[in-house]
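**Student:** Residue numbers (this note's numbering), protein chains in the order written: chain A, 1 to 204; chain B, 205 to 423.
Quick caveat, the hints were computed from the structure, so don't treat them as lab data. A hint or two may mislead.
Said to hold, decoys possible - For lysine-lysine, the following DSS-like pairs were computed, each having C-alpha atoms within a straight-line distance of at most 25 Å: (1) B:Lys-249 x A:Lys-70; (2) A:Lys-32 x A:Lys-50; (3) A:Lys-23 x B:Lys-282; (4) A:Lys-128 x A:Lys-50; (5) B:Lys-322 x A:Lys-50; (6) B:Lys-249 x B:Lys-333; (7) A:Lys-23 x B:Lys-249; (8) B:Lys-333 x A:Lys-32; (9) A:Lys-128 x B:Lys-333; (10) A:Lys-50 x A:Lys-62; (11) A:Lys-62 x B:Lys-249; (12) B:Lys-249 x A:Lys-32.
Below, each chain spelled out in residue letters.
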Amino acid sequence: MATDPDHDHGHDNHLSEMVLRVKALETLLVAKGLVDPAALDAMIDAYENKIGPRNGARVVVKAWTDPAYKARLMEDATTAIAELGYSGAQGEHMVVVENTPAVHNLVVCTLCSCYPWPVLGLPPVWYKSSAYRSRAVIDPRGVLQDFGLTLPDDVAVRVWDSTAEIRYLVLPERPPGTEGLSVEALEALVTRDTMIGTARVAAP
Amino acid sequence: MNGVHDMGGMHGFGPVEPEANEPVFHAPWEGRVLAIRRALGAWRKWNIDAGRHSIETLPPADYLRMSYYEKWLASAIKLALGAGLITERELETGQRDPSAPVATPPLTAAMVMPAILKGSPTHRDTAAKPRFAAGQAVRARDINPTSHTRLPRYVRGRRGTVERDHGAHVFPDSNARFEGENPQYLYTVRFSARELWGESANPGDSVHLDLWEGYLDVA
Numbered sequence: 001m002a003t004d005p006d007h008d009h010g011h012d013n014h015l016s017e018m019v020l021r022v023k024a025l026e027t028l029l030v031a032k033g034l035v036d037p038a039a040l041d042a043m044i045d046a047y048e049n050k051i052g053p054r055n056g057a058r059v060v061v062k063a064w065t066d067p068a069y070k071a072r073l074m075e076d077a078t079t080a081i082a083e084l085g086y087s088g089a090q091g092e093h094m095v096v097v098e099n100t101p102a103v104h105n106l107v108v109c110t111l112c113s114c115y116p117w118p119v120l121g122l123p124p125v126w127y128k129s130s131a132y133r134s135r136a137v138i139d140p141r142g143v144l145q146d147f148g149l150t151l152p153d154d155v156a157v158r159v160w161d162s163t164a165e166i167r168y169l170v171l172p173e174r175p176p177g178t179e180g181l182s183v184e185a186l187e188a189l190v191t192r193d194t195m196i197g198t199a200r201v202a203a204p
Numbered sequence: 205m206n207g208v209h210d211m212g213g214m215h216g217f218g219p220v221e222p223e224a225n226e227p228v229f230h231a232p233w234e235g236r237v238l239a240i241r242r243a244l245g246a247w248r249k250w251n252i253d254a255g256r257h258s259i260e261t262l263p264p265a266d267y268l269r270m271s272y273y274e275k276w277l278a279s280a281i282k283l284a285l286g287a288g289l290i291t292e293r294e295l296e297t298g299q300r301d302p303s304a305p306v307a308t309p310p311l312t313a314a315m316v317m318p319a320i321l322k323g324s325p326t327h328r329d330t331a332a333k334p335r336f337a338a339g340q341a342v343r344a345r346d347i348n349p350t351s352h353t354r355l356p357r358y359v360r361g362r363r364g365t366v367e368r369d370h371g372a373h374v375f376p377d378s379n380a381r382f383e384g385e386n387p388q389y390l391y392t393v394r395f396s397a398r399e400l401w402g403e404s405a406n407p408g409d410s411v412h413l414d415l416w417e418g419y420l421d422v423a
């Protein structure tokens, strides 16, 4: 779709132009001693391989299975999440919002693309898109329908617009029929979108 | 600024299109851009608010056309030029000005994970007392600063309820202009969907924003 800037990656000429421009800039910055290419590699490795939504899934499942942890998480999410080793950039100040049968939470950043990196990694393209940023606050139920989720009118939708440095993680509902599952099996059920609020955790 | 970045409530951008099995980066250059911009940030020549403002001040048509990492690249170049880390001539030629000294990068590979895990907290201690308390009715001020602000247009003039006091945080409006952190109390404020969008909104729905004290008046 050439008209959609978030999906223009198939445009070969444009892509090769970006490759060249970025390479030229990196070459200049390295020659000037402004950046260390090994540090760039380490940064990319961190976000490709170490920091992602599996971190958030561990937080969610620990909250599901350990009531004392859940209490700490709801009281001071930053500290409780740091207990599991997740902290820092774009998650310095964390708040967890809990889905219940009566309340569904949805996280957005209308002004840019703020997102809880330590627990979810880097945001997906749709989270950064104009469509999501514009509509999540005025038509959250329509946005959820884009994800195949239709909520009854009597479920209150709470939208969290990340306008400051507070970052939000949704604690999804634990589905019924999961009582006997191992921690690993439970974590596998918790997808990224369930922790943004655009999906519910599906029963196995 | 009342820029095109302030998108909450706009129409016309179409449906949200989730991508199955989306990779972290769609091409290696995207990862290089992310890493370059953050590694340049380690020079501490600018702050996160100035960084956001550098993206907001891209020409509106470019802002809408460019992908996220294209905007990050444009922003990294603007910030590096503005801070004097690179010159226009170096950017054009791709060659280092031979008369300029070669620096030592402040961020090494070994420092990357510790720096990520430490982050840059924005909470600040203050002797000031909070003006508002949880449960209090407030109204978002109707202000239209031409520089950086984190008060979206769609809540200006609207009445909400303070839900939570986060203590004092760096105030982005002044920090983006390099005029100091001026920490202010930050509050989560709940606005009913009907207050923001009218009678067609679901009566139980709400939108919650984190707003600094200077954005709020007693309702």
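**Student:** A separate judgement is required for each hint: does it hold in the structure or not?
**Tutor:** Structure-based check of all given hints:
1. About 40 Å separates the Cα atoms of Lys-249 (chain B) and Lys-70 (chain A), which puts this hinted pair outside 25 Å; it is violated.
2. For the suggested pair Lys-32 (chain A) and Lys-50 (chain A), the alpha carbons sit about 30 Å apart, so the restraint of at most 25 Å is broken.
3. Taking the CA atoms of Lys-23 (chain A) and Lys-282 (chain B), the gap is near 17 Å; set against the 25 Å cutoff, the hint holds.
4. Taking the CA atoms of Lys-128 (chain A) and Lys-50 (chain A), the gap is about 21 Å. The hint holds against a cut of 25 Å.
5. In summary, the hint linking Lys-322 (chain B) to Lys-50 (chain A) is supported, as the alpha carbons are separated by about 15 Å, within the 25 Å threshold.
6. Of the pairs offered as hints, the one joining Lys-249 (chain B) and Lys-333 (chain B) is violated, with about 32 Å between alpha carbons and a cut-off of 25 Å exceeded.
7. A C-alpha spacing of about 23 Å is found between Lys-23 (chain A) and Lys-249 (chain B), which places the hinted pair at or below 25 Å, so the restraint holds.
8. This hinted pair does not check out: Lys-333 (chain B) and Lys-32 (chain A) have alpha carbons roughly 47 Å apart, beyond 25 Å.
9. Proposed proximity of Lys-128 (chain A) and Lys-333 (chain B) is contradicted: the alpha carbons are some 36 Å apart, above 25 Å.
10. Between Lys-50 (chain A) and Lys-62 (chain A) the CA atoms are separated by roughly 19 Å; this keeps the pair inside 25 Å, and the hint holds.
11. Restraint check for Lys-62 (chain A) and Lys-249 (chain B): the C-alpha separation of about 40 Å exceeds 25 Å, so the hint is violated.
12. Annotation: proposed proximity of Lys-249 (chain B) to Lys-32 (chain A) holds, straight-line Cα distance about 16 Å (limit 25 Å).
Hints 1, 2, 6, 8, 9 and 11, counting from the list given before, are not met by this structure.
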